[in-house]
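Protein chains: 2
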Amino acid sequence: MALIDLSKQVALGIDIGGTNTKYGLVNHRGEILSKGKIRTEKFEVVEDFIQELYDNIHPLIQQHCQDKVLEGIGVGAPNANYYNGTIEHAPNLKWKGVVPFAKLMSEKFGYPCKMTNDANAAALGEMMYGAARGMKDFIMVTLGTGVGSGIVCGGNLVYGHDGFAGELGHTIVKPNGRKHWSTGSEGSLEAYASATGIAITARKMRAEFPESLLNRYNEDEINSRTVHVCALEGDPTAIEVFRYTGQKLGEALANFVMFSSPQAILLFGGVIKAGDFILKPTRLHMERNLLPIFRGKVKLVFSELDEADAAILGASALVWENM
Amino acid sequence: MALIDLSKQVALGIDIGGTNTKYGLVNHRGEILSKGKIRTEKFEVVEDFIQELYDNIHPLIQQHCQDKVLEGIGVGAPNANYYNGTIEHAPNLKWKGVVPFAKLMSEKFGYPCKMTNDANAAALGEMMYGAARGMKDFIMVTLGTGVGSGIVCGGNLVYGHDGFAGELGHTIVKPNGRKHWSTGSEGSLEAYASATGIAITARKMRAEFPESLLNRYNEDEINSRTVHVCALEGDPTAIEVFRYTGQKLGEALANFVMFSSPQAILLFGGVIKAGDFILKPTRLHMERNLLPIFRGKVKLVFSELDEADAAILGASALVWENM
Numbered sequence: 020m021a022l023i024d025l026s027k028q029v030a031l032g033i034d035i036g037g038t039n040t041k042y043g044l045v046n047h048r049g050e051i052l053s054k055g056k057i058r059t060e061k062f063e064v065v066e067d068f069i070q071e072l073y074d075n076i077h078p079l080i081q082q083h084c085q086d087k088v089l090e091g092i093g094v095g096a097p098n099a100n101y102y103n104g105t106i107e108h109a110p111n112l113k114w115k116g117v118v119p120f121a122k123l124m125s126e127k128f129g130y131p132c133k134m135t136n137d138a139n140a141a142a143l144g145e146m147m148y149g150a151a152r153g154m155k156d157f158i159m160v161t162l163g164t165g166v167g168s169g170i171v172c173g174g175n176l177v178y179g180h181d182g183f184a185g186e187l188g189h190t191i192v193k194p195n196g197r198k199h200w201s202t203g204s205e206g207s208l209e210a211y212a213s214a215t216g217i218a219i220t221a222r223k224m225r226a227e228f229p230e231s232l233l234n235r236y237n238e239d240e241i242n243s244r245t246v247h248v249c250a251l252e253g254d255p256t257a258i259e260v261f262r263y264t265g266q267k268l269g270e271a272l273a274n275f276v277m278f279s280s281p282q283a284i285l286l287f288g289g290v291i292k293a294g295d296f297i298l299k300p301t302r303l304h305m306e307r308n309l310l311p312i313f314r315g316k317v318k319l320v321f322s323e324l325d326e327a328d329a330a331i332l333g334a335s336a337l338v339w340e341n342m
Numbered sequence: 020m021a022l023i024d025l026s027k028q029v030a031l032g033i034d035i036g037g038t039n040t041k042y043g044l045v046n047h048r049g050e051i052l053s054k055g056k057i058r059t060e061k062f063e064v065v066e067d068f069i070q071e072l073y074d075n076i077h078p079l080i081q082q083h084c085q086d087k088v089l090e091g092i093g094v095g096a097p098n099a100n101y102y103n104g105t106i107e108h109a110p111n112l113k114w115k116g117v118v119p120f121a122k123l124m125s126e127k128f129g130y131p132c133k134m135t136n137d138a139n140a141a142a143l144g145e146m147m148y149g150a151a152r153g154m155k156d157f158i159m160v161t162l163g164t165g166v167g168s169g170i171v172c173g174g175n176l177v178y179g180h181d182g183f184a185g186e187l188g189h190t191i192v193k194p195n196g197r198k199h200w201s202t203g204s205e206g207s208l209e210a211y212a213s214a215t216g217i218a219i220t221a222r223k224m225r226a227e228f229p230e231s232l233l234n235r236y237n238e239d240e241i242n243s244r245t246v247h248v249c250a251l252e253g254d255p256t257a258i259e260v261f262r263y264t265g266q267k268l269g270e271a272l273a274n275f276v277m278f279s280s281p282q283a284i285l286l287f288g289g290v291i292k293a294g295d296f297i298l299k300p301t302r303l304h305m306e307r308n309l310l311p312i313f314r315g316k317v318k319l320v321f322s323e324l325d326e327a328d329a330a331i332l333g334a335s336a337l338v339w340e341n342m
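Here the protein sequences line up with chains A and B, keeping their order.
Numbered per the working numbering, the first sequence spans residues 20 to 342.
Numbered per the working numbering, the second sequence spans residues 20 to 342.
No lab work stands behind these hints, which were simulated from the structure alone.
Yeah, the Cβ is synthetic: ideal placement off N, Cα and C, and Gly gets one too.
Some hints could be false.
[To be verified] Cβ pair distances, simulated, as ranges:
{"no.": "1", "chain 1": "A", "residue 1": "ASP239", "chain 2": "B", "residue 2": "GLY37", "range": "53 to 63 Å"}
{"no.": "2", "chain 1": "A", "residue 1": "LYS155", "chain 2": "B", "residue 2": "GLY294", "range": "48 to 58 Å"}
{"no.": "3", "chain 1": "B", "residue 1": "ARG222", "chain 2": "A", "residue 2": "LYS155", "range": "37 to 47 Å"}
{"no.": "4", "chain 1": "B", "residue 1": "GLY37", "chain 2": "A", "residue 2": "ASN39", "range": "50 to 60 Å"}
{"no.": "5", "chain 1": "A", "residue 1": "TYR130", "chain 2": "B", "residue 2": "LEU123", "range": "52 to 62 Å"}
{"no.": "6", "chain 1": "A", "residue 1": "GLU63", "chain 2": "B", "residue 2": "ARG314", "range": "25 to 35 Å"}
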């Protein structure tokens, strides 16, 4: 058997968002050797987008892979299908229908290409380089503009029969509850625990409490950052916004725990900047909704990965998965 | 490599319930060569129980395994821990604390012994011999006195980090809802969709509708069977009991689908005798709570295994798992 020198292996990680696409060459230790970004929304045609990626990345590969081996390409993208390597009807991207993205990438770059959605990629990144190293059972929940999730059971990412598993943001936490601005569902986790949901809660609550510091902002300035600022100044309404959000999130997490009994739940994304304002009520309401056999067992922690790099690292981790 | 003659292999499956324990010798095709049962509740001491099992089963092994090989023992039991082979604080059994059941069995019988809870065993049985043959992603939900579940992702049963995954009956489907008679939780799936929960719903609804046929029964005769009898006679109240139950169950199933995206959900247990009275509203409310990408994809079907034998078959399937 030939010995494999891990230090010589490199993966290309690409994270496609609605606005920007980030990419980086990553080694086995999760160090980014080189990175960059292009604007996703500039390209109406997917082939043009891939050409732009190639023009940007090919020189980096030539520069960094003279004494190293590029093992492959991992891509995190909204509505990416792990099994087919396609992007399917992604609402935030301009390329409509079912796009055979992995095939097009592979043909252009000459390397194998694997894809999954951004939250699954983030979970792989945590397992490979972050707070979930060595864990075989954990759930990653990303609290950003939306709520995403990646679920690892028995050391494997849960993809489901069609590659779309792990849409925990769309599970219903309050039947007949708040209507979701995009899906139309009523009472989903995302409607409460995303940055968007927190802003809705904050706007409602500041209207009820005229003395709240939240009232010093214009309507469009209300977001999880400004709520956090007010909470730090001791504003009870702002603190209640996070407590309420944490309650809804904690109730949802309890249900997830009784599904897959994870060792840890990792929280990630802009919302976690609120720190204990959100973490403490989340933990409390998770625990009180658990069966006794699950109580006090699940670590509820924040991600260890730098948010700016996590998406690239996660996408690159797809290349090492099952290697 | 030696050829293995599957037709010569036999597994011993044992299903431990609070009242009775059933056992059977099962071959690779799911045929029960011989079976029997003993009373669980007769034995205050677990060693006496195991002795009784041995006295009953050892002659069967001698009789049936002259030209066959007993590969091992699989046990389904409440609160069984797959990783440790223990039964831990099972409320319905007389043996208190943590019982090293697999070890005791193995020492007495001289064969390896694996354990899991009854619902997980049932899921393995379906995968091996029943409606889930060939499926890698499905969820089994047992609707009996309680609500149990077994979850298969990527071809593997989900045990979780501690062996206790898959307690879907205790997930909360209606925050601050009906108080559970035993756990004290408010609004769990089991409080609505178990036979016990259906009886509670039926007692409430018949009090609201004096003309309901359900009122011809005594209070203690109200159960899912008598509700079914009235539904078959066209009683609108009885039909509404199942519709309401199906709504709660369907809402819960939608959340499960968005977790692991299974190819199918299998329903099992006494409650499914109500047939379409429960299946149709369950399917409707599952579908309407799903994100569009999941709609119309998940088969919602009843178990194919004979209820009397399913527990034995499921326990025996533990022996073949990962073989």
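Cβ-Cβ distance between TYR130(A) and LEU123(B): within 52 to 62 Å? Cβ of TYR130(A) to Cβ of LEU123(B): about 55 Å, so the range 52 to 62 Å holds.
Taking the CB of GLY37(B) and the CB of ASN39(A), does the distance hold inside 50 to 60 Å? holds (59 Å)
Between ARG222(B) and LYS155(A), is the Cβ distance one that fits in 37 to 47 Å? holds (45 Å)
State, for the Cβ atoms of GLU63(A) and ARG314(B), whether the hinted interval 25 to 35 Å holds or is violated. holds (29 Å)
Within 48 to 58 Å: is that where the Cβ-Cβ distance between LYS155(A) and GLY294(B) falls? violated (40 Å)
Verify the CB-CB distance for ASP239(A) and GLY37(B) against the hinted window 53 to 63 Å. Once the Cβ atoms are compared, 60 Å apart, the range 53 to 63 Å for GLY37(B) and ASP239(A) holds.
Checked against the numbered hints above, the structure breaks only hint 2 and satisfies the rest.
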